[in-house]
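Chemist: Build the full structure now, drawing on both the sequences and the hints.
2 protein chains.
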Amino acid sequence: MKRVIIASTSTLYNGGYLEYLKPTLTDFFKDVKQLIFVPFARPGGISHDEYTEKVAGFFADLNIAVKGLHEFENKIEAIENAQAIFTGGGNTFVLVSMLYKFNLLDAIQNAVENGTPYLGSSAGSNICGLTMGTTNDMPIMYPPNFRTLGLVSFNLNPHYLDPIEGSTHMGETRETRIKEFHHYNPQSVLGLREGSWLEVLGDKITLKGELPARLFQQGKEPIELETGSDLSELK
Amino acid sequence: MKRVIIASTSTLYNGGYLEYLKPTLTDFFKDVKQLIFVPFARPGGISHDEYTEKVAGFFADLNIAVKGLHEFENKIEAIENAQAIFTGGGNTFVLVSMLYKFNLLDAIQNAVENGTPYLGSSAGSNICGLTMGTTNDMPIMYPPNFRTLGLVSFNLNPHYLDPIEGSTHMGETRETRIKEFHHYNPQSVLGLREGSWLEVLGDKITLKGELPARLFQQGKEPIELETGSDLSELK
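Here the protein sequences come in this chain order: A and B.
For the first sequence, the working numbering puts the final residue at 235, and the numbers step up evenly by one.
For the second sequence, the working numbering puts the final residue at 1235, and the numbers step up evenly by one.
For the record, the hints were derived by calculation from the structure and aren't laboratory data.
One or more hints might be untrue.
[Said to hold, decoys possible] SDA-like cross-link-like pairs, simulated, lysine to any residue; straight-line CA separation at most 25 Å:
{"no.": "1", "chain 1": "A", "residue 1": "K2", "chain 2": "A", "residue 2": "D31"}
{"no.": "2", "chain 1": "A", "residue 1": "K54", "chain 2": "B", "residue 2": "H1169"}
{"no.": "3", "chain 1": "A", "residue 1": "K101", "chain 2": "B", "residue 2": "N1185"}
{"no.": "4", "chain 1": "A", "residue 1": "K101", "chain 2": "B", "residue 2": "R1177"}
{"no.": "5", "chain 1": "B", "residue 1": "K1220", "chain 2": "A", "residue 2": "S47"}
{"no.": "6", "chain 1": "A", "residue 1": "K208", "chain 2": "B", "residue 2": "S1167"}
{"no.": "7", "chain 1": "B", "residue 1": "K1179", "chain 2": "A", "residue 2": "Y100"}
{"no.": "8", "chain 1": "A", "residue 1": "K101", "chain 2": "B", "residue 2": "H1182"}
{"no.": "9", "chain 1": "B", "residue 1": "K1075", "chain 2": "A", "residue 2": "Y184"}
{"no.": "10", "chain 1": "A", "residue 1": "K204", "chain 2": "A", "residue 2": "K235"}
{"no.": "11", "chain 1": "A", "residue 1": "K54", "chain 2": "B", "residue 2": "K1179"}
{"no.": "12", "chain 1": "A", "residue 1": "K179", "chain 2": "B", "residue 2": "Y1013"}
{"no.": "13", "chain 1": "B", "residue 1": "K1075", "chain 2": "B", "residue 2": "A1065"}
{"no.": "14", "chain 1": "A", "residue 1": "K179", "chain 2": "B", "residue 2": "H1169"}
{"no.": "15", "chain 1": "A", "residue 1": "K22", "chain 2": "B", "residue 2": "T1168"}
{"no.": "16", "chain 1": "B", "residue 1": "K1033", "chain 2": "B", "residue 2": "G1202"}
{"no.": "17", "chain 1": "A", "residue 1": "K235", "chain 2": "B", "residue 2": "G1044"}
{"no.": "18", "chain 1": "A", "residue 1": "K101", "chain 2": "B", "residue 2": "N1145"}
{"no.": "19", "chain 1": "B", "residue 1": "K1179", "chain 2": "A", "residue 2": "H70"}
{"no.": "20", "chain 1": "B", "residue 1": "K1235", "chain 2": "B", "residue 2": "L1105"}
{"no.": "21", "chain 1": "A", "residue 1": "K54", "chain 2": "B", "residue 2": "H1182"}
{"no.": "22", "chain 1": "A", "residue 1": "K54", "chain 2": "B", "residue 2": "M1170"}
{"no.": "23", "chain 1": "B", "residue 1": "K1208", "chain 2": "A", "residue 2": "T168"}
[Unchecked claim] Distance ranges between label pairs, derived from CB positions:
{"no.": "24", "chain 1": "B", "residue 1": "Y1017", "chain 2": "A", "residue 2": "P144", "range": "32 to 42 Å"}
{"no.": "25", "chain 1": "A", "residue 1": "I76", "chain 2": "B", "residue 2": "P1163", "range": "35 to 45 Å"}
{"no.": "26", "chain 1": "B", "residue 1": "T1026", "chain 2": "A", "residue 2": "L12", "range": "43 to 53 Å"}
{"no.": "27", "chain 1": "B", "residue 1": "T1173", "chain 2": "A", "residue 2": "P144", "range": "23 to 33 Å"}
{"no.": "28", "chain 1": "B", "residue 1": "D1031", "chain 2": "A", "residue 2": "P163", "range": "41 to 51 Å"}
{"no.": "29", "chain 1": "B", "residue 1": "N1114", "chain 2": "A", "residue 2": "Q109", "range": "49 to 59 Å"}
{"no.": "30", "chain 1": "A", "residue 1": "L62", "chain 2": "B", "residue 2": "P1163", "range": "28 to 38 Å"}
[As the list claims (entries may be wrong)] For the chain B half of the interface with chain A, some residues (derived, Cβ under 8 Å), not all of them:
{"no.": "31", "residue": "T1009"}
{"no.": "32", "residue": "L1012"}
{"no.": "33", "residue": "Y1013"}
{"no.": "34", "residue": "M1132"}
{"no.": "35", "residue": "G1133"}
{"no.": "36", "residue": "T1135"}
{"no.": "37", "residue": "N1136"}
{"no.": "38", "residue": "I1140"}
{"no.": "39", "residue": "F1146"}
{"no.": "40", "residue": "H1159"}
Glycine included, each C-beta is placed from N, C-alpha and C at the ideal position.
Modeler: Shown next as structure tokens:
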């Protein structure tokens, strides 16, 4: 059975790394002894080793050993044999470029379809959608394609940000950007606020966390979805 | 002689469209009777016609007639024959996709090198740099390449935004994003705050407007540049 957690962010303001997800992940990964970490998004340009070490620190508390995918010569085989996969945040353009370079998209898709539990945060969540076309990241690398894993049949906007009241900045709001996306792309976009996540169990997709999420559909006004909402039919 | 104005934004908070640039543009375009407008970035998804009409409204006051580039069957010829070119803001990914689709990058480059005055704002400024790799826009369309006009030998970040004091949002600051860019790309990046612009006259590049700009160079700490700074040697 497909088992996926798609988190808006790894870290909440004033919180520790993955801290708010600890109870959820303890349960989600309860039979897992070793996890493959995909460090390619490199937040702040951190090295693959440093990033993996940070993640290993968190999972040590859950008695889960962490191996960075970059350590494996045969990365496809590492994904095929993984007990669990976690893709961390950073820059989505860099992450997707690397996934294409190592031919990993199909391998991850297949592993997840076959029941390997997958956790994504931020950029690692972006790639769970149909395309990376609703990332907030800067295009610092040119990927061969914007198509991503399609673990859900819509797009994600992690770190969803409401318009800032009283702002005098003239750059587009997040909502305007997503509306522009819908001029060229049909799929729905789920704006996940920091602290929210999606739980995918088989065909069932549920909004979790304390906050509502904002749903954007082509040709419709955006709506707020309460936590607990069932998104299984969303396209 | 090359003559270019690269503006951070078309509009200041509480200001009219291009209003703050009116004295500058009156002088810059003083021998121009007709201007070709490139409307492809479509801010908020506005149509090419509507966008061109908005721009024509501003330039009517300067006694300059505006024709949208979309109206021409032979767009390359239209650029070659243009008295002046203005590329408006919107989504940089859409703009660059269209410029490649119609094979316009070389045509605009050549026209500008041959002395056709060029005005860019926001997305229209982004494309004046070596690549579009430091745009703030959402990747809602997949362009065949990130390479852009290279009218200056560095990259631009229009709508440059300082970190928001007291923000609890965990998405990357603009500064962090540009630092990540420098992990993979060597060229300098100029963060142009709203209200600033660059004036390019031949080989001379000058920072204009009331605000300082923020300069990011690979392997160095960012620095503030006062208005009036000479950027002719920047790479």
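Chemist: Would you pick out the hints that fail for this structure and give their numbers low to high?
Modeler: Of the numbered hints given earlier, the structure breaks none, since each of them holds.
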